[in-house]
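The task is simple: from the sequences and hints, build the whole structure.
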Amino acid sequence: MIEARGIVRGFGRRKVLNSLDMRVGDGEIVALMGPNGSGKTTLLRVLSTLLEPSAGEVLLNGSAVRDDPAAARRAIGMVGHATYTYDDLTALENLRFYWHMHGLPGKEFGMVGPAILRRVGLGHRINDRASVFSRGMRQRLAVARAILHSPRVLLLDEPFSSLDQKGVDILSQILLEEKAKGCSVLVVTHDIQRISALAGRADILTGGRISQSYASESIRKGELERAYRASAEGVIM
Amino acid sequence: MNAALYLAAKDLKTELRSKEMVSAMFLFSLLMVLAIRFAFSESVSDGSVAMSDLASSSLWICFSFAAIVGMATTFAKEKDRETLEGLLLAPIDRSTIFLGKALSNLVIVFAVDLLSMVFFGLFFSYDFSGNALPVVGIAFIGTLSLVLVGTLVAAISVNSRAREVLLPILLIPLIAFTVIIPAVAATRNAIEGDVSESVRGIQSILAFAVVFAAVGYFTFDYVFEG
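Chains A and B are the protein sequences, given in the same order. Every letter in the first sequence is one number past the one before it in my numbering, and letter 188, counting from 1, is 188. Every letter in the second sequence is one number past the one before it in my numbering, and letter 75, counting from 1, is 75.
Honestly, the hints are just simulated from the structure, not real lab data. The structure presented is a predicted model; accordingly, all values stated were derived computationally and were not measured. Glycine is no exception: its CB is placed at the ideal position from the N, C-alpha and C atoms. Don't take each hint at face value.
Unchecked claim - Over the 12 Å line for every Cβ pair with chain A, so calculated as not near, a few chain B residues: (1) Asp53; (2) Leu103; (3) Val165; (4) Ala176.
Said to hold, decoys possible - Facing chain A, from chain B, some residues (calculated, C-beta under 10 Å): (5) Leu5; (6) Tyr6; (7) Ala9; (8) Glu82; (9) Leu84; (10) Glu85; (11) Gly86; (12) Ala162; (13) Ile172; (14) Glu225.
Claimed, not checked - Once the Cα atoms are required to be at most 25 Å apart in a straight line, the calculated SDA-like pairs of lysine to any residue come out as: (15) Lys13(B) - Gly106(A); (16) Lys13(B) - Ala115(A); (17) Lys13(B) - Gly167(A); (18) Lys79(B) - Glu3(A); (19) Lys79(B) - Lys181(A); (20) Lys77(B) - Gly136(A); (21) Lys19(B) - Asn127(A); (22) Lys181(A) - Gly167(A); (23) Lys13(B) - Phe109(A); (24) Lys13(B) - Arg201(A); (25) Lys179(A) - Pro91(B); (26) Lys79(B) - Ser131(A); (27) Lys79(B) - Gly10(A); (28) Lys13(B) - Gly110(A); (29) Lys77(B) - Ala70(A); (30) Lys19(B) - Phe11(A); (31) Lys79(B) - Phe11(A); (32) Lys13(B) - Ala130(A); (33) Lys19(B) - Phe110(B); (34) Lys77(B) - Val132(A); (35) Lys179(A) - Glu3(A); (36) Lys77(B) - Leu50(A); (37) Lys79(B) - Gly110(A); (38) Lys19(B) - Asp128(A).
Pasting the structure below:
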């Protein structure tokens, strides 16, 4: 479970997040939506320890992330805008590098690494350098990197972008499997159709805080879509 | 510590494949030795410049500038290719990143140092064999000191828009009196066979290497503070 309490974060004089509270429980997929510049990526960066909040705190399973950021990073998998992969390394070497960065036992990688690449549909390209991969294939590699260490929390920033239909299906399946394992999943997305099949809740971020929250039933009824469109036009319903 | 070794191994592997940093440093070093050879060709043949003075100063000009050229890309490459955040998301201390980067820089810069010595020997028809060990030893310790402070400064300057300018501006005043001048003197003494003076120079460079290592290790957490 990951929880943000009273998070404040700004850049210069502009407050992007303003006393934001939110929680993603174990085995829950939450969609985070909002207009461009509303602070979705900033929130993900704060939750992942890449940014320090100016005020408030992030709790991971009840413990403050600030007290032990390394332990929090061990529990978090992140797919950001960038893939964080090295062009001059093969797909397998990229995963091996991050495996060691997580301090995981080297012997186990021989089984786990290729299996995860097969899971994201890159099983036939494990020894190809990332430099020859298309954007979509790099995105699949980024997903493999994020789930490599079996994280308890997955943070994904527009993960469906640049994926083809097969890639979207694979990622959706992975998110459902991680949810079934008890992982807390927070997905930043603008794709209402896609997320309505996955998320148990959708939160809309406007004005630096969660302005509206919709349960899966409301998402299916189309309430989320109307509210999301209104938020993009600056109207809060 | 293991993570630092894996990080250094990753850096060396990617560098071996791309050769971006090494090729620039190699050409830079070759050009410097060539320019010095032509500038001092008469002085060398008529003996008006002592070979120990020429070798020590030329080599340390090559070592230090090649190191600056190389170290400028240490974090810049990670930042430009958007892999730096991947490193920062790993559950390791920031000081481990410092150690790993310093180690890979040391290997690459020291390899270029050795090449520079070979170039110097070839272009000046100079045989280092009599004092190769102390000269190589001083090069190693001086380079260690250079990369320790250089890695820290490269990390500090990576988020600046003018990082290519900022790195030498911050680094050169730090290394001029602590590494370069004592290293030139120690190398000259080693070539002249004055071992005791040379050892005194090495001790001073080593002391600064320890200080730079400690400063880098304990302050690196704050360099990438979000």
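field: Violations among the numbered hints
entry: Of the numbered hints given earlier, those the structure breaks are 12, 13, 17, 18, 19, 24, 30, 37, listed in rising order.
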